[in-house]
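Protein chains in written order, with my numbering: chain A, 1 to 308; chain B, 1 to 850; chain C, 1 to 270.
A hint or two may mislead.
[Stated by the list, open to error] Heads up, incomplete: computed chain C residues facing chain A, CB under 10 Å, no partners named:
1) Phe-125
2) Thr-136
3) Ala-137
4) Leu-225
5) Ile-236
[Said to hold, decoys possible] Here are the simulated distance ranges between beta carbons:
6) A/Gly-235 - B/Gln-454: 57 to 63 Å
7) B/Gly-769 - A/Gly-235: 32 to 38 Å
8) C/Leu-151 - A/Glu-82: 46 to 52 Å
9) B/Phe-437 - C/Gly-35: 23 to 29 Å
10) B/Asp-579 - C/Leu-151: 23 to 29 Å
11) B/Ala-444 - A/Gly-235: 32 to 38 Å
12) C/Ser-70 - B/Ala-444: 56 to 62 Å
No lab work stands behind these hints, which were simulated from the structure alone. Glycine is no exception: its CB is placed at the ideal position from the N, C-alpha and C atoms.
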Amino acid sequence: MPDTFYTAAPHWTWYIVAYFFIGGIAGTAFLLAASLHFFSRPGDRPLVRIGYYVAFVGAVLSGILLIVDLNRPERFWHMMIESNTGRPMFKSWVPMSVGVWGVLLFGLFSFLAALSVTGEDRPGWRFTRWAPVRALGGRVPAAIIAVLGALFGLFLAGYTGVLLSVTNRPIWADSNLLGLLFLVSGASTGAATLYLLARRRGVGTPASLAWLSWFDERVLVLELLVLIAFLVSLGPVAEVLVGWWGVLLLGVVVAGIAVPLWLVHGSRGGHRAVQAAVLVLIGGFLLRVVVILSSHDIYVWGSGVARP
Amino acid sequence: MAECHPVAFRWPMKAKVEHDAKLIHVDPRFTRTSAMCDIHAPIRAGTDIAFLGGLINYVLNSERWNSDPFFREYLLNYTNAATLVSREFRGTEELEGVFSGLMEYKGNEADWPYDGFVGSYQSTTWQYEGWRPEEPGEPRGGEELSQPTRVEPQARTSPQESFESVIRSLRQPPPRRDETLQHPRCVLQILRRHFRRYTPEMVEQVTGCPPETFLRVAETVLANSGRERTTAWAYAVGWTQHTYGPQMIGCCALLQLLLGNIGRPGGGILALRGHASIQGSTDVPTLYHSIHGYMPAMSALKSHETLRQYLATEALGGGYWANMPQFVVSYLKSMYGDAATPENDFGYDWHPKITGDHSHMPVFLAMADGRVKGMLCIGQNPATSLNASLERAGMRRLEWLVVRDNFLTESATYWYNSPEVREGTVSAADIPTEVFFFPTAQVAESEGSFTNTQRMLQWHFKAADPPGQCRDDLWFTYQLGLRLKRLYAGSPLERDQGIRNLVWDYEPDHPESIPGGADPRKILREIAGYRTGDPSRHLEGPHELRDDGSTTCASWIYCGAFPAPDELLPASREPDPPDTIGAHLRWGWAWPANRRVIYNRASADPSGRPWSERKRWVWWDGKEWVGYDIPDFPNRKSPDAPAEPRGLGLDAHSGRQPFILKPDGVGWLFNPAGLLDGPLPTHYEPMESPVRNALYKQQTSPVLKYWKHAANQTAVVGDERFPYVITTYRLTEHYLAGAMSRWNPWLTELMPELFIELSPELAAEKGIGNTDWVRIETPRGSIRAKALVTRRMRPFRLGDRVVHQVGMPWHWGWEGVVTGDVVNELTALVGDPNVSIHEGKAFVCNVEKG
Amino acid sequence: MAEAMGFYTDTTVCIGCKACEVACKSWNQLPAGGGGDWPMTGDSYDNTRRLDGIHWRHVKFIEQIPEDRSEGRWLMMSDVCKHCVQAGCLEVCPTGAIIRTEFDTVVIQSDACNGCRLCIAACPFGVIDINPASNTAQKCTLCYDRMQAGLEPACSKACPTDSIRFGPIAEMRKMAEARVQQLHALGEKRAYLYGADEKIVGGLNSFYLLVDEPEVYGLPRDPKLPSRNLLPSSLISAAGAVLLSLLALAGLRKQRMDERAAGDGAGPDA
Ligand SMILES: Nc1nc2c(c(=O)[nH]1)N[C@H]1C(S)=C(S)[C@@H](COP(=O)(O)OP(=O)(O)OC[C@H]3O[C@@H](n4cnc5c(=O)[nH]c(N)nc54)[C@H](O)[C@@H]3O)O[C@H]1N2
Ligand SMILES: Nc1nc2c(c(=O)[nH]1)N[C@H]1C(S)=C(S)[C@@H](COP(=O)(O)OP(=O)(O)OC[C@H]3O[C@@H](n4cnc5c(=O)[nH]c(N)nc54)[C@H](O)[C@@H]3O)O[C@H]1N2
Ligand code: SF4
Ligand code: SF4
Ligand code: SF4
Ligand code: SF4
Ligand code: SF4
Ligand SMILES: [Mo]
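Here chain A stands alone, though its shape is the one from the complex (with noise of 0.2 Å):
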């Protein structure tokens, strides 16, 4: 038996599912709408802007998810300030630790994207007016945000993955390509996100829905690739996910990947771009249900494996 099978699962559920998938969506929709800000014509604003709302909004209920997940909450702040000592902790070898700050950083970028850019939106809020929140709109600092931003936000949607990975549970610890998995299901879910979003507001030039299409529909398949790559990494050690766990996988595969590239492709926008959208969100929920608590479903009993 693979020596991950024994060992404890750390009873990361729902929370942490919401969390990966959320800060996946928020860190990709960043990178997306930094991209589209350098090449952006004035029909391309509106989408730029919801892509930093998004991951304005996706940080901060990834830190409240964070926290409400510990057991206990009132501590969080012992993961950034090392309580006896008062010294700041910071572990660089420790996702987890290292994610803190990450999470901490993406949320002041993406809240200084979100800033920079609601006078647009919204001119009559006063505060918009105030000259450091303009300055943020200009060319450089807005360039700044959207780079650094966009660093941190590919960081948040993959390092969720390696932290899964630094432990020694079955399926996280028996491959190095989760990060990559999450990071690029990630990417797809965000750019679903962004498409259904922009559909629904009737914002955005058919020329950067094309695009978002476009990117979604070449991440599927390299999504697929990841996770057939992923399967085949885990070795003995995918077999446990024969079983119902394998069916929802499958689901992931077919309804999640399979059907909406088959619906994106060549598909000029139009209703079938949105299905896909959809799809490709549950797919990637799925993922990381499937991920995160099938591995959970594995403790080493007296003597042998069983199951809780």
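Add chains B and C with the ligands to chain A, keeping to what the hints say.
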């Protein structure tokens, strides 16, 4: 032993790890003990005599035993192998499984119809040749006789006669012997004939133990006995709880004598006693049939009319028991103090006498017949005890019941919470009993002494005050005594003289130290003895006891435990220095006289030299007996001191006779007297068995105890309704009826539910899966438990048929953090004739899924 | 640092009495599972089943009895935190709640732990879990409090057969090696030490004498540190990040090209 005496098991494990000792476990189940042993010999419950008989047969016919001079020397000098037995004796070979003297039981059915014997033996014909026979047909109340009753019609003792002359009248001539061991009536030849049938094939047929396993045990035991090596046997209730329990132990003692393993270091047969201090509770007896120091209780059924007649009936002319007058008189002085005078036979007439079998089972049957008014239930939980529903039926007829316990036990709540009440078959309203519950102090909340399984007294001090109003049992008993004495103080009645004269002076010198309580040291002082009239002059040992009333001592075996007011030996805690051989004589105090190995004179050869360097223990250094232990022998009696033909007591023994309690000074392979169910161990089937006795026509013990009662039915041999052998036992995680463990979550989480252990083979037959609910039925009752299906249980192949064995721990009841059915709903009230122990270890049942 | 202290557990003399389990609970005042009342597992005599936040010791029972009942074995082993020389739990704890003591043991400071539960997933032996009483991660402290007072740990003190031995780890190793020799001499060739040397996460300060494969006792054959995956995972993810960024930008660039080609701002759909 690992399961029930885990702390004591430390030593076998030490022996195994540090000295490569071989460990063997004989048990129907593969237990945690088996897991630690080199050999596990599985046998069907109840068949140990067949197994041990097989070992004896193997030894008697082995080349080594018959050639190695050690065995012959030990046998000739230290056992009664050469002694000739009476001409009239007939053994099981001639009588198809019974001994001569079997007759119908003539008990006192009238006023105490609870003795239960299905038959009884007249042991006249078991006597040594030339010894005066026992009184014919003397009815017995089931007392265990700690020594043969030899005889002289007691009427002859006159009130004036000195105790010494009474004892003198009891002397027996030295028994006739055949040193060549060839005489057909010498004990060894009788043994050879008796155990001829116990062949390995027969062992397999009866016990179901695979022959190769049996032979491995036999070879190991023989190989580990002799001059250089000794084998020890330890047993507990796996051997006692049978209708022939004492015979099982006797059978092992016989084997150990044959192998020269008695009285030597690393030898012996070790009883692993039960409750902490249960040893103490039999020494200072809570047993109905003996008084202190294993002296038989005064009985209305024997010629015990006067003190002299009691002595004439129970004492011995030869051997240490010749000192019985000193013991009894000192005991009576401890009871009645100044009121006990030579003129009134030291108050002998005031002493209560038993009128039959007053042990646990009969008393509860009498209760069920409404013959018992009230009960003080102190530290016991009978509501879950044998044939529990019958015992509860008895308790429902009490007028009053006092329960003293640390927990609200089943025995305190049976009247409103027992199954029958909850099921509505009995209504609490119809139960007249008034129940008083006294929450009790725990042992750590009181001071006193424990006597452990090694006969060692250890003093324990009070660690904490009991909560609230809880008082320890000593406080309660002392106060009860004071109040009763006050109640009877003015009584003119002759029969109340006893309680009026009873000495009850345990008031602590500083009463404030134990408010209202008694001083445990004063009680130990009374037990261990002092000079009458001067309690500050304690006694050094039994040799100081006198029969003129000048010494006061309740228990001769404890005499010396408290030799001076400032020498509380049970409190001493001085181990021998590391890496020295010794008996740790300064750690606690063991009776008798702080000896750690009894009959240890046998650890030296007849001439007094150690049998071997490895096995030296006590030896003769030319002037006196010396060694690691206190010699169990007159200190300056040289090995070549001859027996004095006219001598009394130990003078009747030579310097080569180690078994000082025996009238003839040697170990008994054959018991001319003392046992009610035969002079030699014989395999019988349990009262309930699925199979016929393969060895004899006689199925069960011809003299076992069975109490007829509508609620005490038993299954006939091979009853198809109850095809499986069931045994009951303990788990390390729980304690007895469970009050002491089932209220402790740290223990209950370890073993939460009642279960039945059964083999996968039987489970498959019955369609029972692991942890399924199972219903278990016997003619007495029906309970449910979870199944624990395990290969640690095995089907036994007996000749051409397979018998399934199941087992259940019996710790559950309806009170506590975890609850479960009461296993004793299944057991029957059947007992052994000598000590009335129940047969909780082997009976039959049926199991069904559900 | 003072001398490294720890346990040598000789499973061949464990009688499965669970005194260690109870002594630990009693000393550390740990609650009982299910308040003491939970269903039996049917897994031999093991009803607590694993180490967790309220079971810092756990006695395993492994029945090895063939159908013909020849040569049956019932292995017992008292499991506990291994106090690894390279401790996965300590490595990952993001609050610094887990420390290494002067006795080279590994201790969780309950007052610093915020219950992120990373250590649970990081321990290669599945030792840690949440103790509902404190709502923090807990495990064996190797009786740090007793050791500081010069006392032996409660569990080893309670062990009637000295299956659990406590002392300077160097001494423990000598003792253990001698025992292995003895068992080999007696024909028990399967006896070996698990975790006595550096091979297993730098050595275990609670190591075992076993007579069967590690897996049989529910122990990993070759446990590793969580950090082994850090570099590869990070690099691969980083590469992915770069790829994604390029893809996004490339997509846009392509867009603009196409548009220029198309001459005006009209998108494809126009
Ligand atoms: N943990 C714990 N320890 C205890 C106790 C307790 O309740 N719990 N009780 C104490 C008391 S009061 C006593 S009396 C002792 C009893 O100590 P033990 O006698 O050891 O206790 P049991 O478990 O009743 O029986 C021992 C074994 O006898 C086996 N057995 C059953 N029938 C037979 C048979 O016919 N022949 C043979 N050879 N074996 C048989 C059973 O399978 C069981 O494994 O333990 C004392 N110690
Ligand atoms: N089927 C079956 N039946 C058996 C046996 C078996 O093996 N199988 N074993 C038999 C044997 S060997 C025995 S010893 C009996 C035991 O049977 P019991 O003695 O009836 O059962 P226990 O649970 O030992 O009862 C002892 C009670 O004393 C209480 N107690 C503890 N300390 C104190 C104290 O200091 N003062 C007072 N007043 N109370 C205290 C405990 O709480 C407990 O309730 O069971 C017998 N019954
Ligand atoms: S319960 Fe007490 S008496 Fe029994 S083994 Fe444990 S320590 Fe000894
Ligand atoms: S065994 Fe697990 S919990 Fe114990 S020190 Fe090692 S990693 Fe930490
Ligand atoms: S749960 Fe507590 S001890 Fe474990 S890693 Fe998190 S903070 Fe550290
Ligand atoms: S060392 Fe202390 S904390 Fe660790 S298991 Fe033993 S008793 Fe429990
Ligand atoms: S106390 Fe010792 S013998 Fe008992 S289970 Fe624990 S380790 Fe084994
Ligand atoms: Mo007992």
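Each hint tested on the structure:
1. Phe-125: holds, 6 Å
2. Thr-136: holds, 6 Å
3. Ala-137: holds, 8 Å
4. Leu-225: At 8 Å from the nearest chain A Cβ, C/Leu-225 passes the 10 Å test, so the hint holds.
5. Ile-236: holds, 5 Å
6. A/Gly-235 - B/Gln-454: 57 to 63 Å: holds, 60 Å
7. B/Gly-769 - A/Gly-235: 32 to 38 Å: About 34 Å separates the Cβ atoms of B/Gly-769 and A/Gly-235, which means 32 to 38 Å holds.
8. C/Leu-151 - A/Glu-82: 46 to 52 Å: This hint is violated: roughly 30 Å between Cβ atoms.
9. B/Phe-437 - C/Gly-35: 23 to 29 Å: With Cβ atoms ~25 Å apart, the hint holds.
10. B/Asp-579 - C/Leu-151: 23 to 29 Å: holds, 25 Å
11. B/Ala-444 - A/Gly-235: 32 to 38 Å: violated, 58 Å
12. C/Ser-70 - B/Ala-444: 56 to 62 Å: violated, 47 Å
Checked against the numbered hints above, the structure violates hints 8, 11 and 12; every other hint is satisfied.
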